[in-house]
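Participant: Next come the chains, spelled out residue by residue.
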Amino acid sequence: MTPPLVEATGLARWFDVTPSLWARLAGEHRLLKAVDGVDFAIRRGETFALVGESGCGKSTVARLAVGLYAPTKGSIHFDGQDLSLLKDRRRSRALRRRLQMIFQDPYASLNPRWRVADIVAEPIRAHGLLAGRRAIADRVGELLTQVGLAASDGARFPHEFSGGQRQRISIARALAGAPEFLVCDEPTSALDVSVQAQILNLMKDLQRSLGLTYLFISHNLAVVFHMADRVGVMYLGRLVEVADVDRLFRAPLHPYTRLLLDTIPDLSMSGKPRGPVAGEVPSPIAPPPGCAFHPRCPLAQDRCRREAPLARPRADGGGTVACHAVEEGRA
Amino acid sequence: MAGGAPLLEVRDLRVEFPTRRGTLVAVDGVSLSIAPGEVLGVVGESGAGKSLTGAAVIGLIEPPGRIAGGQVLLAGRRIDDLPAEAMRRVRGKEIGAIFQDPLTSLDPLFTVGDQIVETIRTHLPVGDAEARRMAVDWLKAVGIPSPEARAAQYPHHFSGGMRQRVVIALALCANPKLVIADEPTTALDVSIQAQIIALLKRICREHGTAVMLVTHDMGVIAETADRVAVMYAGRIAEIGPVADVIKRPRHPYTVGLMGAIPSSTRRLERLTQIDGAMPRLNAIPPGCAFAPRCPEAVERCRRDRPGPAEIARLDGVPHAAACWVHAPPAGAAA
Numbered sequence: 001m002t003p004p005l006v007e008a009t010g011l012a013r014w015f016d017v018t019p020s021l022w023a024r025l026a027g028e029h030r031l032l033k034a035v036d037g038v039d040f041a042i043r044r045g046e047t048f049a050l051v052g053e054s055g056c057g058k059s060t061v062a063r064l065a066v067g068l069y070a071p072t073k074g075s076i077h078f079d080g081q082d083l084s085l086l087k088d089r090r091r092s093r094a095l096r097r098r099l100q101m102i103f104q105d106p107y108a109s110l111n112p113r114w115r116v117a118d119i120v121a122e123p124i125r126a127h128g129l130l131a132g133r134r135a136i137a138d139r140v141g142e143l144l145t146q147v148g149l150a151a152s153d154g155a156r157f158p159h160e161f162s163g164g165q166r167q168r169i170s171i172a173r174a175l176a177g178a179p180e181f182l183v184c185d186e187p188t189s190a191l192d193v194s195v196q197a198q199i200l201n202l203m204k205d206l207q208r209s210l211g212l213t214y215l216f217i218s219h220n221l222a223v224v225f226h227m228a229d230r231v232g233v234m235y236l237g238r239l240v241e242v243a244d245v246d247r248l249f250r251a252p253l254h255p256y257t258r259l260l261l262d263t264i265p266d267l268s269m270s271g272k273p274r275g276p277v278a279g280e281v282p283s284p285i286a287p288p289p290g291c292a293f294h295p296r297c298p299l300a301q302d303r304c305r306r307e308a309p310l311a312r313p314r315a316d317g318g319g320t321v322a323c324h325a326v327e328e329g330r331a
Numbered sequence: 001m002a003g004g005a006p007l008l009e010v011r012d013l014r015v016e017f018p019t020r021r022g023t024l025v026a027v028d029g030v031s032l033s034i035a036p037g038e039v040l041g042v043v044g045e046s047g048a049g050k051s052l053t054g055a056a057v058i059g060l061i062e063p064p065g066r067i068a069g070g071q072v073l074l075a076g077r078r079i080d081d082l083p084a085e086a087m088r089r090v091r092g093k094e095i096g097a098i099f100q101d102p103l104t105s106l107d108p109l110f111t112v113g114d115q116i117v118e119t120i121r122t123h124l125p126v127g128d129a130e131a132r133r134m135a136v137d138w139l140k141a142v143g144i145p146s147p148e149a150r151a152a153q154y155p156h157h158f159s160g161g162m163r164q165r166v167v168i169a170l171a172l173c174a175n176p177k178l179v180i181a182d183e184p185t186t187a188l189d190v191s192i193q194a195q196i197i198a199l200l201k202r203i204c205r206e207h208g209t210a211v212m213l214v215t216h217d218m219g220v221i222a223e224t225a226d227r228v229a230v231m232y233a234g235r236i237a238e239i240g241p242v243a244d245v246i247k248r249p250r251h252p253y254t255v256g257l258m259g260a261i262p263s264s265t266r267r268l269e270r271l272t273q274i275d276g277a278m279p280r281l282n283a284i285p286p287g288c289a290f291a292p293r294c295p296e297a298v299e300r301c302r303r304d305r306p307g308p309a310e311i312a313r314l315d316g317v318p319h320a321a322a323c324w325v326h327a328p329p330a331g332a333a334a
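Note that the protein sequences, when read in sequence, are chains Z and W.
If you're matching positions, the first sequence starts at 1 in my numbering and goes up one per residue.
If you're matching positions, the second sequence starts at 1 in my numbering and goes up one per residue.
Hints may be right or wrong, so weigh each one.
Claimed, not checked - Pairs of lysine to any residue residues, derived as SDA-like cross-links and limited to a Cα-Cα distance of at most 20 Å, are as follows: (1) W:K140 to Z:A278; (2) Z:K204 to W:G259; (3) Z:K73 to Z:A41; (4) W:K201 to Z:A278; (5) Z:K204 to W:R266; (6) W:K93 to W:P83; (7) Z:K204 to W:G276.
No lab work stands behind these hints: they were computed from the structure.
Being a predicted model, the structure only gives us computed values, none of them experimental.
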């Protein structure tokens, strides 16, 4: 098998959220472990999705994956190179061109004072990919056409566009450096469903024609099912289950995955009763001991309250699951 | 549902916003009714006028917006022309409201218990001790653990899901006959969303409360509503029993909208795509507002505006669409 394009090993990112300066000076620290020991690998050309509720750490993983955050522990490798160890600026810049990010809010992620052409041209200029105004303008026109806008839209400002069109501009900017890997953090959550369909279709088309690899972050399970090849389910900073999309949706093992799947509104109106969903996500600042999901888990036993479960291969060989109940055959 | 007098009747509602560059019509000729105890979903994308329709019913259109035409009748009585003071008594007592953001609909300076007590005492003839007992009962009914202790806490002590439970208790504590719920679960996580929908459904059924559920989420509608109205550019495109609208949509906009929603059971290579965007309020085309994006539009669609026409009737409940092609008015050819 070819080595993965992106590989995270024991990846962790903690934030110091000590409230007062005095406490800090006294050496007391309160840590928010946004991501706490996550392993995954993304193969070239596939879409790996991370799904979970707010505060589970999925956006932090997105930022770690493009090098916006440095890991507290563990590492993330892109094409064999450790992102956090690249001290050589030239080499790190060359690497960063190959990974780009699309953000959730198309109203906040575009500079309102810049014309669209300048926004899209920025990565080209920053990485010195093309020289000459003419060549850059041609490339920008090509990129705008590629995402379904007109080349002449480059002369306009972001406020002249709707949310869906702005997200197309973000995609054009992300593609400007001809990247191989795109991290998409909730790219359609701020959009209406008909616009979401346009953007998801565009992303699939681009993936096929440009051979892109996606890390796709979303809280919407139906969108994940539509887009992903493989899915990781996050809960309070950890991956509780990783599997191929069909295995995960047809045969979920982890009780949290099952709970999430139970919450998908039933559009087919089959009238299936939704499973009772208990409790809420605890604060990530003071996560429960042992398995962080145990207070909401119908299968929790003493061991779950004591000992954090490790990710183990699923019995069907298609991924991993971190659950004592599954391991002991109680699930 | 059929036969009896409707609890709420909205007739030919028109909401306008005067601007320097002319009048924008945000809700244009909307007619709908809700029977006692019924849940009517109002679904549409941003700018379709769904929230404004709800706001018009409870008299909360913010100036300079105004109701420029039509009538709103509650139990046969007109409420759209009531003076502000009289309308305030209707709100809370006869119509409850639940909004998207539970943090802004609660007062941060008062305990949760005090806010419910205030609402109860404003609208019901009960003493303080009785109101306080009722408030705790309501907190218990909406599933808040240790309600006596929680009643003494402030909104910031509650999580998002728990706050929305408090808002539901507030909306229902004066026993209104109708609740307007505007995106009640949009700000919540998926697992909490399911809890809140189940709660809202159960508690309204127990009290026989009718609900106008305004949302962009067809999934929420499918799980909750009896009937659904699909809005587009300030008008109702299609209205009917929820199962029939979802399984057999007739209006091309509804068809496109249903196809655009990713499914979690059946994977399609591509989602149905409605090209273009909803027209801006200052550029609504003549004829059918959807015509420029409609794959089936004919000459007449671009010229004349279609009115709602009945296309089916299920258990006496009509399913109507405003479309010259798929719902030609009786006696007229498309």
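Participant: Check each numbered hint against the structure and report the violated ones by number, ascending.
Facilitator: Per hint list: zero violations.
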